[in-house]
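Participant: Given the coordinates of chain P, assemble chains B and F onto it according to the supplied hints.
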Amino acid sequence: MRYASIDVLRTVAIALMILVHFLENLSGVTWAPAGLGAPLFAFLSGLNIRIWTLSLEAKGITDEAIRRIAVRRGLFLFVLGIAFNVLVWLPSDTFNWDVLTMIGTAMVALAFLRGLPSGFLAFVCAVVFVLSPFLRIQADYASHWTNGYFESETTLPDVLIGYLSTGYIPLFPWIIFPIVGHIAGSYLFHRPTDGEATPRSVRPLVTYGVCFLAISVFLRVIRDALPDPIPTKLVMGWTMFPASPEYVTGLLGIALVSFGILHVGIDRRDCLRRVPAILNVTRTMSQYSLTVYLLHHILHLWPLWIYGTLFGTEATEFWHSAMPVAVSGPLALGCFAACSVLFRQMRRREWPSVESLMRWLCD
Amino acid sequence: MRLPTNTDLPPSWPAGSVTHRVVYRVEVGAAGRILAELPFPLNRRAIALLSGDATPAEMELLSVPFENPEDAELIARVREWIAVGASAPQMITFQGAQLFWGAGRAAVIAPQSRLTALEVLLAELAYFELEIGAIEKSLGGFWPDLEADAGPAFELDERTHRNRKKLGERFRQLLGLRARLTRILPFVQTPHVYPPTLASQVSERLRERLRMEHRIEILQQQLDVFERIYDACGTRVSEFTASKKGHLLEMIIIVMLAAQTMLVLFEVLTIARN
Amino acid sequence: MRAWEIGIIGGGPGGLMTAYTIQKWANDPFRITLLEASDRLGGKILTRQFDSVSAHYEAGAAEIYDYSHMGEDPLKELIAELGLPIARMEGSTAVVGDRPLANLDDMHDRYGPDAVKAFAEFNRRAKDRITPQEFYSPDPEAVGDPSIRRGFDVALNAIPVPEVRSYVEQFIHSDLATEPENTSLAYGLQNYLMNDHAYMSLYGIAGGNEALPRELAKRLNAEIRLRHRVASIEKTAEGRMAVTTECRGSRSVSTFDAVVVALPNAAMRNVVFRGNRLASAMAEHRAEYDHPAHYLRVTIAFRKKFWHGKLNESYCMLDQFGGCCLYDESSRNPGGGYPVLGWLIAGEAAEALAGLSDEQLIEKALDSLPSYFSHGREWIVEGRVHRWLDAVNAIPGGLQARTLDWRHRPEPVDHPNLFAVGDYLFDSTLNGVLDSANYAAMWIVSLLADTPKESHDRPAALGTPRAIADKYRPAPVLARR
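From first to last, the protein sequence lines are chains P, B and F.
The opening position of the first sequence corresponds to residue 0 in numbering that gives the first Met the number 0, with each subsequent residue numbered one higher.
The opening position of the second sequence corresponds to residue 0 in numbering that gives the first Met the number 0, with each subsequent residue numbered one higher.
The opening position of the third sequence corresponds to residue 0 in numbering that gives the first Met the number 0, with each subsequent residue numbered one higher.
So that you can see chain P by itself, here it is in the shape it has in the complex (with noise of 0.2 angstroms):
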C-alpha cells in the first residue's frame, strides 16, 4: 500500500538531495537544508521496510520467506553503495560507507529483528546513541577526517571502524533512523488481524518527536555550560559528520512530527486531493528513488570528472568549483524536473529500473 505522505516526504528529502549536492558539488556552497535529507531518507526507509513486510504477509507469504527477500535486497543496497563508491564516485572513496551501505545494513538488521517488541528495538537504538559518542572518542573520529573529508586507508581496521563508526554515514549512530522508521511503521500501520477497526493516533508520534527536538534544542543550549571534554567530544553541537546528539535527536524530531502531520494531513484527510499533479509527481519520484538517488549523481558528477580529466590536471580538479550557485542551481531544479518526466516514461512503458533490478534479483 502506498501512503501519499511518505511520497511527499521522501520526493522532499530528495529535492533537498539534488539541490544539496549540486550545490556543493558543483560549486561548493553548502546550503542550509544540508543534512536534512540523508537522514528523512533513512527514516522513511525504516518505514518502509514495515510497509512493505506488512503488504508480504498479507499475501500470505511466511516469516521465513519475507527474511530471505530482505537479506537479500539489504545485500543488494550495501554492494550497490559499495559499487555506487566505486563507478559513480572514485575507487579511492570505495569504503566511504554512504548511506546506501547503512540502509543496506538497516534493511538486513530489520529483517531479523522486525518481529521483536517495538520496546526492544527502541532500547537497541538507545544504546546505539549513547555508544556512538564513545566509540568515535576510542577510534579518535578526527583522524579520518582530513579537511572536512572523510579519508581512510585500504587496511581492515580502518575500514571496519569507517563502516561502525567514522565513516560519512556509519552504523554508529545512523542506524538509528531507519529503526526508529521501522518502529514508528509498526505503531502506526498494525496488521488488519489485531481487530483493532480504527486507525491509531499519530498524537504519540508527534509527541515523541516534539520530545527529540526539545531534547536537542536543550543539548544546544546547555553545551557551553557543560565542562570538557564534552562539549569537544560528546555534546558537539549541529554536526551532521560526526553526527552529533543535537543532530539526531533534532533529524529524529523534524521525522516523526513532518511525518505524523502529513499522515494525518494527506492520508487520512486526503488534503491534496484537489492537486493531484503533486501526488503524481510525489509518487513518481518517490517510486524511482533509488535510481533518482544514482541517476543525479551520475548526471553531475561523471561530466565533472571527465571535464577534470580533460581540461584539469586530475577528475577531481574542478570539485566544488565548477560553476557558480546561478548556474548550478537551476541545473539542480532542471535535474529534478528531468527525472520527473523520465520516471513517467519509464512507468508508463515499463522500462527497467534499479528498484525493478533489484526486485528482480532478491524476490
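No lab work stands behind these hints, which were simulated from the structure alone.
Just so you know, these numbers come straight off a predicted model, no measurement behind them.
Incorrect hints may appear among the rest.
Result set (DSS-like, lysine-lysine): computed pairs, CA atoms no more than 25 angstroms apart in a straight line [stated by the list, open to error]:
1) Lys217(F) <-> Lys23(F)
2) Lys164(B) <-> Lys58(P)
3) Lys116(F) <-> Lys126(F)
4) Lys164(B) <-> Lys244(B)
5) Lys164(B) <-> Lys136(B)
6) Lys165(B) <-> Lys58(P)
Facilitator: Then chains B and F, alone, in the frame of chain P:
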C-alpha cells in the same frame, strides 16, 4: 395490567382458549405477566407478553381448556395452528391431555384443572429447546475456523501469536456455550420421576421426542473437541509469550554484551590501526 | 488327556446359559450333552407366531430386567454380546374401575388428596426399605433389615386408603405371580419398586425374546438331544453320574463327570434321584423352593389397533383377574407390528382359570377390557392361550435365604459334581437364571481346571479361566446345616 387475550383466535375456539406470546427474561418489567418461573439457577422467567406488545416472541403457546382432549375437530384446528411455519408438528397423547409441538410453537388441550401445570411445563421445555438450538447454531459457526486454529494448537509461530486475542475470544465464547449447556443439563437430564405426575410424564416424553439428551451429548462431545483445541492454543500462546519475554531478556543482555564487544573491538582496531 | 463329559438337563435358559458359560471360560477339553424333554429349546422363553396373520407374540417370559444403570448387568451384556437388538418397555397406567389411572394427578382427581398422600407415603417407605443399591444386590439376605422377610401383605395393610391399597396390589400382581400374603415383604417391595427407573427398567428383545435361547444354541458346540426325557440320575461306582433318558419309548444311559440339573423346581419331581443320600438331598432341595406360582398367557391378534391413543405405552395394568398386565405386543417391534394384545394373568386367578378352554379364556380376556376398548371385539382375528402352571416360584415371607453353595450343589458330599441351576434359586427372573447358571458354570470350569492333568502348585495366571473360576469357587462346605 392487561392479560394476554386470544386476539388471534376466532370465537369458535373453546372458551378460555388463549395464545401466549412468550419471551424469557430476568425481570418482568412492563412486558407482561409471568407464565412460569424457570428453575432457580437459570435466573429466567417465561413472560407472556401483553396484547399489542410488538416485542418479537421467542415462542408461542396455545392453551385450550377442554374436557375432552380427544375431540377430533379441535385437534385438527390446533394442528393447523401449530403447523404455521413448522414442518412436521409432533402430537403426543396423554391420559387427560393432548400436546402439540412445532418449531417455535406449542399447544395443549386439557381440562382446566390440569392446564396451568402443563403451560408451565411447556414454557420450561421450550426454553430448554431454545437454548439447545441456540447453542447448536452458535457452535456451528465455529467449525470453519477450527481447521485453521488446529495448527496453533500444536505449534505456534509469530504470525499466529499475533492472533491470540481472536483465539482467546473464541475460547471464551466456547466456555460460555459450555456454561449455558451445563446450566440446563440438570433439568434436561432430570431422572425419571416415580410415582409420576402428568407433568413429569409429559416432560419425559417430550424430552425424548425432541431428543434433548442425545443432542446435548453430541454438543458436549463437540465442545470437548473445540475446548481441547483452544485450550491447547492457550497453552501454546502462554508458552510462546513466556519464551518471548525470556528471549527479550536474553536479547537485552546480548545487546549489552554486543555493546561491550563493540567497545573492545574498537579498542583492538584502534590499536591495530596505530 | 480325557475330555470331561458334562451333562446338562434342561434346554431352557438355565441349561443353555450354563453350557454357554462353560464353553466360554473352560480352557480344558470337555464335551457337553444337553438333554431336553420337549422338541424345542428355550423353556419359558417362548415367542410364537399366529396361524392366520404374520405376527409373533411372547407366550412366555414377557420382559427382561435392566440393571445396567446400577452396575454390571450380565444378562444385558450377554444379549449385547449375542448381537440382539432390544426394545425398551414402559408402562405407568393402571385401569381401575374402567378408567385409566396414569399418574398422581389422576389419583388426585379420582380419590382425592388423601389418597395421593397415602400412596406417596407407601412409596417413600418402600424406598426407605430398599435402596436402589440394595435392590441391585442379587441376594435378598443382603438386605439388612430382618423385618424385610415378613409377608408383603403387612406392608399393603399399612396403607390407610383402601383404593390405594387395591391399586398397589393390582399393579404388581402380575409380577408377583402370587398373592401378597404368600410372598415376602422384600419380594413384594421389589416388585413394586421395579416400576421406578431409578431401580430398574424393562426391555424385550426386538423380534421376540426367543432369539436369546436361539442365539445361545447356535453358538454352542454341544450335543443337543431333544425329546430325551431324563428318568433318573445316580452315581456310578467310578464316582461319575449316570443319567437315564427315555426317547420314543427306548431308554439309554449316559455317564458324565458332572451333571447340571437346569429344570424348573416342579419338573424335578419327574426325575428319580437314586441313592438315599441323593434322593433325600434333592427332596429337601425341592421342598425348600416348592412355592409354586402360576401364569396364564392369553394373546389376541386384531385387525385394527383400536387402542391407539388410549394405550400408548408397552403395557398397562388391568384391575381384572386380581391384577393383570395387558401388553401391546406390537410395541416390541421397531416400526410397530401387527396389532396384538397380550394378557398376563397370574397367581390364584391363573390357577383358577387354567381349567377353562382356550375359547373361554379368550372370551374372559376380552371381557376384562375397559369399556372404551369393548369395540375391539369386532376386530379380533385369532387368539392363543399358554398355561404356565407351577412354572415359577414365589419367595414366601419368612424364608431364610440359603447360601449360594447350598442352592447350587444340593448334595456335596457324595455327589459333588451334581449341580442345580434355575431362576427359582434366585428371583424367578431371567437375570436370576443367568446368575445361577454362571455360578454353577464357573464352579465346573474350576473343577475342570483342577483335574489331575494340571499341577496343583502352579497358581493361575491373572485373567485366565482358572483364575476367574478360582475367584468364583466357594469355600469348602464343612458341614451341612
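Participant: Is the Cα-Cα distance between Lys165(B) and Lys58(P) 25 angstroms or less?
Facilitator: Holds: Lys165(B) and Lys58(P) sit about 20 angstroms apart, inside 25 angstroms.
Participant: Against the 25 angstroms threshold, does the CA-CA distance of Lys164(B) and Lys58(P) hold or violate the hint?
Facilitator: 21 angstroms, holds
Participant: Could you grab the alpha-carbon distance between Lys217(F) and Lys23(F) and see if it respects the 25 angstroms cut-off?
Facilitator: Judged against 25 angstroms, a Cα distance of about 14 angstroms means the pair holds.
Participant: Tell me if the straight-line CA distance from Lys164(B) to Lys244(B) falls inside 25 angstroms.
Facilitator: The hint holds at about 18 angstroms.
Participant: Can you confirm whether the C-alpha distance between Lys116(F) and Lys126(F) stays at or below 25 angstroms?
Facilitator: Answer holds: Lys116(F) to Lys126(F) is near 15 angstroms, not above 25 angstroms.
Participant: Sort out whether Lys136(B) lies within 25 angstroms of Lys164(B), counting only the CA atoms.
Facilitator: 23 angstroms, holds
The structure fails none of the hints (numbered hints given earlier).
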